[in-house]
Amino acid sequence: MEFAAAAQAFTDHLEQVRRLSPATVRAYRSDLHDLALTIGELGVEDMSLETLRDWLWRATQRGDARSTLARRAAAARSFFAWAHEHELIPHDPSLRLVAPKRGRTLPTIASQDAMTTLLDVQRTAASTGEPGQLRDHAILELLYGAGIRVSELCGLDVDDLDLDRGTARVLGKGSKERVVPFGAPARDAIGAYLTRGRPVHVARAARPTPALFLGTRGARVGPRAVYSLVAEVLAPYVGADTVGPHALRHTAATHLLDGGADLRAVQEILGHASLGTTQIYTHVSAERLTATYRLAHPRA
132 MEFAAAAQAF
142 TDHLEQVRRL
152 SPATVRAYRS
162 DLHDLALTIG
172 ELGVEDMSLE
182 TLRDWLWRAT
192 QRGDARSTLA
202 RRAAAARSFF
212 AWAHEHELIP
222 HDPSLRLVAP
232 KRGRTLPTIA
242 SQDAMTTLLD
252 VQRTAASTGE
262 PGQLRDHAIL
272 ELLYGAGIRV
282 SELCGLDVDD
292 LDLDRGTARV
302 LGKGSKERVV
312 PFGAPARDAI
322 GAYLTRGRPV
332 HVARAARPTP
342 ALFLGTRGAR
352 VGPRAVYSLV
362 AEVLAPYVGA
372 DTVGPHALRH
382 TAATHLLDGG
392 ADLRAVQEIL
402 GHASLGTTQI
412 YTHVSAERLT
422 ATYRLAHPRA
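Our numbering numbers the first residue of the sequence shown as 132 and each following residue consecutively.
Since the hints were made in silico from the structure, they are not lab data.
Remember, it's a predicted structure, so these values are computed and weren't measured experimentally.
Mixed in with the good hints there might be a few duds.
Claimed, not checked - Cβ pair distances, simulated, as ranges:
| hint | residue 1 | residue 2 | range |
| --- | --- | --- | --- |
| 1 | Val-148 | Asp-295 | 36 to 46 Å |
| 2 | Thr-413 | Arg-309 | 18 to 28 Å |
| 3 | Glu-181 | Gln-139 | 41 to 51 Å |
| 4 | Arg-296 | Thr-326 | 12 to 22 Å |
| 5 | Leu-406 | Glu-172 | 40 to 50 Å |
| 6 | Asp-195 | Pro-339 | 38 to 48 Å |
| 7 | Arg-227 | Ser-405 | 51 to 61 Å |
The beta carbon of each residue, even a glycine, is placed where N, CA and C say it ideally should be.
Based on the sequences and whatever the hints tell you, model everything.
Shown next as structure tokens:
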């Protein structure tokens, strides 16, 4: 079978059956396209372990990062396992395909004092009653207060919130739904936005919309706008040139653990499928503790 046709059928399967996120499907599609460029006229049944190793070696020579190599190896293994399962190939050539382990880097986070200052500044700006400032304050409070992903935040509808209980119903990776809590500051900011900010944006909408966060023309706010907002307000507090909404999620998780939260409870709040993903934040907390010790203890 032609490789391109098989790769298309596989990514359709990821999108329509396994319902993976659009970003994940795009990454798999890109990796398989790169493999197709390397193998030329070879069909799926012509692939061998040596061919796949040569593909990764070429990527290494190009200077691709270890994380990229690891992702591409994972994409190839998933594709050929699927192809073997659907009897497109007699055997799976990727079973012994390995790539360099991902170098784990600790996430960028802001201190508790920095977050307090940042959100105080945003609350003061929102007190003017300007609809955009009310919305931005609510977005930042919710990203930090609930630790949700930017895609989850942008997908929220008004009916997904329970302000009395302080919870939001979000749709996470793999279309898995979960309910996350948020605190009084986020509840107050959202309440102010719903009362004084959102109605102004709704009045400019071309048609009725259930979306919680709206742009100035009444359309649902997209991830790019949220990235721009977070990059503008958070970067000065973390000393990084590039920072996005995920930094607030990292920060929320770290502060939860610093405050004594159970690791499994944090896993549930964040919507991680694996506890191992959540454990990165224990390393962050340990490093912060060590740094504090070295600064404060006379025998450090």
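Hints and how they fare:
1. Val-148 x Asp-295: 36 to 46 Å: 38 Å Cβ-Cβ, so the 36 to 46 Å window holds.
2. Thr-413 x Arg-309: 18 to 28 Å: holds (21 Å)
3. Glu-181 x Gln-139: 41 to 51 Å: violated (25 Å)
4. Arg-296 x Thr-326: 12 to 22 Å: Since the Cβ atoms of Arg-296 and Thr-326 sit about 19 Å apart, the hinted range of 12 to 22 Å holds.
5. Leu-406 x Glu-172: 40 to 50 Å: Given a distance of about 45 Å, which is inside 40 to 50 Å, the answer is holds.
6. Asp-195 x Pro-339: 38 to 48 Å: holds (47 Å)
7. Arg-227 x Ser-405: 51 to 61 Å: Given range 51 to 61 Å: violated, Cβ gap about 24 Å.
In the structure shown, a violation is registered for the earlier hints numbered 3, 7, in ascending order.
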